[in-house]
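Undergrad: So you can see what is in the structure, the chains are spelled out below.
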Amino acid sequence: MSPRGPTLADVLDGKQVVICAGSGGVGKTTTSAAIAAGLAARGLKVCVLTIDPAKRLADSLGLEELGNDARRVDPRIFEEQGIEITGELWAMMLDPKQTFDELIARQAPDEESRDRVLSNPIYQQISGALAGSQEYMAMEKLFELHTEGDYDMLVLDTPPSRNALDFLEAPGRLTQFIEGKSLKVFMKPTGFAAKVAGRGATVALSVMKRIVGFDLIADLAEFFNAFSGMVDGFQARAKRVNKLLAAPTTCFLVVCGPQGEPIDEAVYFHRKLVEAKLPFGGVIVNKVHYPAEQLRGDVDDLPATLAEKLGDGDLARRVASNFADYQALAERDARNIEHLAREMRATGVIRVPYLDEDVHDLAGLAQINRYLFATGEERVAMAAGRA
Amino acid sequence: MIVTGKGGVGKTTVSVALGMRAAAEGKRTIVCEVAAQENASRMFEHTTVGFHEIELEENLWAISIDPDESMREYVLLQLKVRAMRDLLFRSRIFNYLAAATPGLKELVTIGKIWELAQLDRKVKSGSKYDTVIVDAPATGHGVGFLQTPRTFANIARVGPIHSQAKTLDNFITDHDNTGVAIVALPEEMPVNESAALERDLVEEVGVAVDRVYLNGLYPERFSKAEAEKLTALAAEDGAPKAAARAALSEFGRARSQRAQLARLRRRVQAPVKTLPFLFEPDLGPEAARRLSRRLS
Numbered sequence: 001m002s003p004r005g006p007t008l009a010d011v012l013d014g015k016q017v018v019i020c021a022g023s024g025g026v027g028k029t030t031t032s033a034a035i036a037a038g039l040a041a042r043g044l045k046v047c048v049l050t051i052d053p054a055k056r057l058a059d060s061l062g063l064e065e066l067g068n069d070a071r072r073v074d075p076r077i078f079e080e081q082g083i084e085i086t087g088e089l090w091a092m093m094l095d096p097k098q099t100f101d102e103l104i105a106r107q108a109p110d111e112e113s114r115d116r117v118l119s120n121p122i123y124q125q126i127s128g129a130l131a132g133s134q135e136y137m138a139m140e141k142l143f144e145l146h147t148e149g150d151y152d153m154l155v156l157d158t159p160p161s162r163n164a165l166d167f168l169e170a171p172g173r174l175t176q177f178i179e180g181k182s183l184k185v186f187m188k189p190t191g192f193a194a195k196v197a198g199r200g201a202t203v204a205l206s207v208m209k210r211i212v213g214f215d216l217i218a219d220l221a222e223f224f225n226a227f228s229g230m231v232d233g234f235q236a237r238a239k240r241v242n243k244l245l246a247a248p249t250t251c252f253l254v255v256c257g258p259q260g261e262p263i264d265e266a267v268y269f270h271r272k273l274v275e276a277k278l279p280f281g282g283v284i285v286n287k288v289h290y291p292a293e294q295l296r297g298d299v300d301d302l303p304a305t306l307a308e309k310l311g312d313g314d315l316a317r318r319v320a321s322n323f324a325d326y327q328a329l330a331e332r333d334a335r336n337i338e339h340l341a342r343e344m345r346a347t348g349v350i351r352v353p354y355l356d357e358d359v360h361d362l363a364g365l366a367q368i369n370r371y372l373f374a375t376g377e378e379r380v381a382m383a384a385g386r387a
Numbered sequence: 388m389i390v391t392g393k394g395g396v397g398k399t400t401v402s403v404a405l406g407m408r409a410a411a412e413g414k415r416t417i418v419c420e421v422a423a424q425e426n427a428s429r430m431f432e433h434t435t436v437g438f439h440e441i442e443l444e445e446n447l448w449a450i451s452i453d454p455d456e457s458m459r460e461y462v463l464l465q466l467k468v469r470a471m472r473d474l475l476f477r478s479r480i481f482n483y484l485a486a487a488t489p490g491l492k493e494l495v496t497i498g499k500i501w502e503l504a505q506l507d508r509k510v511k512s513g514s515k516y517d518t519v520i521v522d523a524p525a526t527g528h529g530v531g532f533l534q535t536p537r538t539f540a541n542i543a544r545v546g547p548i549h550s551q552a553k554t555l556d557n558f559i560t561d562h563d564n565t566g567v568a569i570v571a572l573p574e575e576m577p578v579n580e581s582a583a584l585e586r587d588l589v590e591e592v593g594v595a596v597d598r599v600y601l602n603g604l605y606p607e608r609f610s611k612a613e614a615e616k617l618t619a620l621a622a623e624d625g626a627p628k629a630a631a632r633a634a635l636s637e638f639g640r641a642r643s644q645r646a647q648l649a650r651l652r653r654r655v656q657a658p659v660k661t662l663p664f665l666f667e668p669d670l671g672p673e674a675a676r677r678l679s680r681r682l683s
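Top line first, the protein sequences correspond to chains A and B. Quick note: the first sequence, position 119, residue 119 per this note's numbering, numbers continuous. If you want this note's numbering, it's the 1-based position in the second sequence plus 387.
Next up, chain B with everything else stripped away, as it sits in the complex (with noise of 0.2 Å):
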């Protein structure tokens, strides 16, 4: 499961729901975070996740995967022969190459998730995963992300990177095994950017988007009848005055985040899931528990 958005939609938190959801059905599960952001570990304090798979809780594995990394591991797993091995990483033309490349690190980036998903893991001592979730990242780079594969397998017509990366494309593309999940925010351009997302990923990249998640969805607290008594008080001063206020604008972005809602349902082809705004100041692993158990 791909989960992707734009920025700051709260990519990270659906994707250790998700995850959690799946380890509580008792899958054993691992999210994958890209291009090294750490964003779980900043969820699960005193937890460093790295370029390892580590076990958050009970069938719940992380693992940050860093390009480089990948790119070894990869040599590793092809040339089998240390002294080859070692004259590759020794050779400038190599790290020079590695380093350069426009999207290499991306493609390695794709090729350890799709090791990790191998029932037969390539990785010596590597035992397998029900389910993998991938934490994307943020559109923009998207929809190009995903579509490195293809585009190395473009420019390497033939030879093993061109089958590689060939295989990977089958891989992400492959829609009884892969999904892709958006995820939204209830306002007006992300709505937009969802729609045009779902249609890139779909008809550009071929991948089979599952599901959209409305995040940060606010409860409607308020009815309008209420709204008309809070806008008498609003008028008064003190602190009940500032309480109105901010009864006022909850029930303005309640509505305004549910005509959003009906917005996204009629824009996009997958069916729409909302998750609630969580009011809390810092959110952890207990408020990713709570979304969840929203989830199915």
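One chain only, chain A, in its complex shape (with noise of 0.2 Å):
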């Protein structure tokens, strides 16, 4: 461990899930490639999943495009990168209807009732298109490849939520949904069904019907009816994948940014880690402004100096009014990151800086991959050096 607090290779020491959370446009995809590849390189079988449907990781890894499957990356590209894959990087992007699809094979007890699930109006509409399942199936994905793949590290790239928690609420939320239990009672309202129902929800049946529509509610209870096989199967699985979610050897690294914005929520998903017990490994902030290097001189002469230096006035005022604005950010991301440090009580905040090149291909990825796993010093000094 350095004196700056653990690196990200102590974080990730001895686990098996880590999984990449963080509101949009922070740059989760790059970083968790870019942590699957570390890893890889260290000699690791590892599998990093994303479910972005902007092919990011596809166009990260410098592949054509990810299948539902797993494949393994070539690791010459890597090579040329001066990153030497020791063990096994594999990548795959989600396609959440074909996963989902699957899970109802799997569920199914026979090929009647999964037929009659997959036929669903109401299932092809929330399999594909609807909010939600696409966390689901993130979720499902990564605790069947945990349970049936044989990787030493799986790495989660989480959906670009707005709300960075759905994906955690989604197992739970949609089981409930496909379990119906309260509904089924209502459904049939007959014999002793409806007795226990009572006349109270007959009645807020009809209420319901009137604002829904009888139509929507009959193929409500032929979805339930459909899947009512499967429930327990449902339930048991959304145990089993929070458990794997809370286990010591799942990690969750928040990932944000060093505005005002994205750190606030990086903050508020800290909270939401620790309240829901689930194991918080340590934050990445991506794009940093690093102050330039510890100024010798008195800056306030940087205009004049510059001038006489440059031999161009003009362009010395501009060039010290850039370097000002430059500093400005500088400043509000340290201030930003101190109070991340201090609300998530984290030893180590990793800083990523803004990179003068914009990051999108295998050489960003490579360059972001080198200040993960470097040690606080030698980011600082990575940064120094090229600021």
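Every clue listed holds true.
Among the chain B residues that face chain A by a calculated CB cut under 7 Å, a handful are:
1. Lys393
2. Ala525
3. Ile542
4. Glu613
5. Ala626
6. Ala634
Below, simulated DSBU-like cross-link-like pairs (lysine-lysine); rule was C-alpha separation at most 30 Å, straight line:
7. Lys287/A with Lys611/B
8. Lys660/B with Lys611/B
9. Lys553/B with Lys509/B
10. Lys511/B with Lys414/B
11. Lys15/A with Lys45/A
12. Lys628/B with Lys309/A
13. Lys660/B with Lys287/A
14. Lys287/A with Lys616/B
15. Lys287/A with Lys45/A
16. Lys287/A with Lys628/B
17. Lys628/B with Lys611/B
18. Lys272/A with Lys97/A
19. Lys616/B with Lys628/B
20. Lys15/A with Lys239/A
21. Lys277/A with Lys15/A
22. Lys272/A with Lys287/A
23. Lys243/A with Lys277/A
24. Lys97/A with Lys553/B
25. Lys414/B with Lys509/B
26. Lys611/B with Lys309/A
27. Lys277/A with Lys45/A
28. Lys616/B with Lys309/A
29. Lys277/A with Lys239/A
30. Lys243/A with Lys45/A
The hints are simulated quantities; they were obtained by calculation from the structure and are not laboratory data. What you are looking at is a predicted structure, and each value in this text was computed from that prediction instead of being measured. Note that the Cβ used here is the ideal one computed from N, Cα and C, for glycine as well.
Bring the two chains, given one by one in their own frames, into a single complex with the hints.
TA: Structure (structure tokens):
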């Protein structure tokens, strides 16, 4: 452990699952891929999962397309970037609809029940289009790979939800819906069920029919009936998924940017993780403006000094004002990160600098990788070298 | 006007700036936030934007659309008889369905946006707005969000939900009255994603994409000849070195951003409008106002 706190390698030591979480636009996908590559370079067999529909991971890995099955990434493409993959790097992009279909096929007691669900119009809509199913399927695939794959480490790039927490609640929420326990009693209010449900429920149902229309209720009834043989399986699975998320071998990394809004969201997300008793590993702040090295000499004289050196007063003024703008951003970032570290009581915040080059290819990914796995001192030195 | 784009591109700032612009033109304008983000609250200090319409400035209003509140309001408007409403709100089955149905939150959120845009407001004491600006959820979900009405219209083939979902879908895809603006950043992947987003919005959802805003464009402060001069200075020591490096970094970014701007213009159909990067640590209403002057 370095004096500046644990490095990423320390944090991930002994883990089997890493979940990168955070709001959108903070570089989660690239970070996830860089972590996976870094671990594969340390000799592990790693699989990185993304469900980003924008195919960003495929872009990052220089792959044409990732399928719903994990594919091995050619280690040679990393060699060119100075990263030697001594282990194995696998990658997959999740197709939520296909994953859902596979899950149904697995849970269905027979082919007839399977087809009944797959052809149900409500199922077809929720499995593909609706928000929430993506998150649930990401968890589902993670669990599947964990139980069935023989990877040393799984890295999950969580969906770009507005609310970073959606995916934590997704398995429970969707299972609850499929379960439809309280509904089923009312669907066929005959005999014993009707007596239990009572008159109030029957009236409530008729009021609802007025609002939503009878067909929808009938379709829902059919939907729940189709699922009836699978409810126990879904419940058991959701429990095991939740257990995996809370396991000591799982680690949540919060990824954010240095601006006020992403920092606040990271703080909020950390609090929720702690409340949910989920294993928080650390925080990665991307695109940080590092302050320039300790300045020697009087900065107030900067325009004059620059003018003298450049022999161009106008250019000197523009250089000085650009520098002041940059320093102001660096100070803001430092303030925000300090606040973040305090709120999270985090010992080591991993800061990745705002690189001159836009990060979108393997070279960028390799650069991020070097910052992520460096010790605190190494990072500062690297940033100073290029600042 | 629905403002969309991937996360972290400045949708809220652009939404508020668009709102200010419309308000300055004398239009009664409301900026709607969804999914309880309250980003506008952050911009306007000492102001909490909740599920009620509040006036931020002259002609400029804001609301944060809470799905649970929207659902409640919807039911209140549907059921005029108090006893029936009470029955429904107390009913386990209703609360269960309201909480568990995927996509319902998005549907009632769009329903509320529709209500705000009506000339004849359904809500008692609601007065009409000339312009409604929606700070939409980040994409990934953005297209899904806008598709929700059609999804529901398909699930509920007949009945009130079907016809209301259909109304909302028509509202979103009404090219004369509803437009979508995409906010992008001048970087490789955001440009790719914005082009893909425009295609999905037009082809799958059927909305009109009116404009793409390229946000955060660095100024071109230095010429190529000046950059060469600065390269020599960057090799020296002390404060001038750090300043020269910062200038070179700016030069490089401004240039690569111009290349991305050109790519964006080639790849999207809608006209592209650039917005400058704001070199200030925290973006408040004044920053949005300056941006609003750049909008047309």
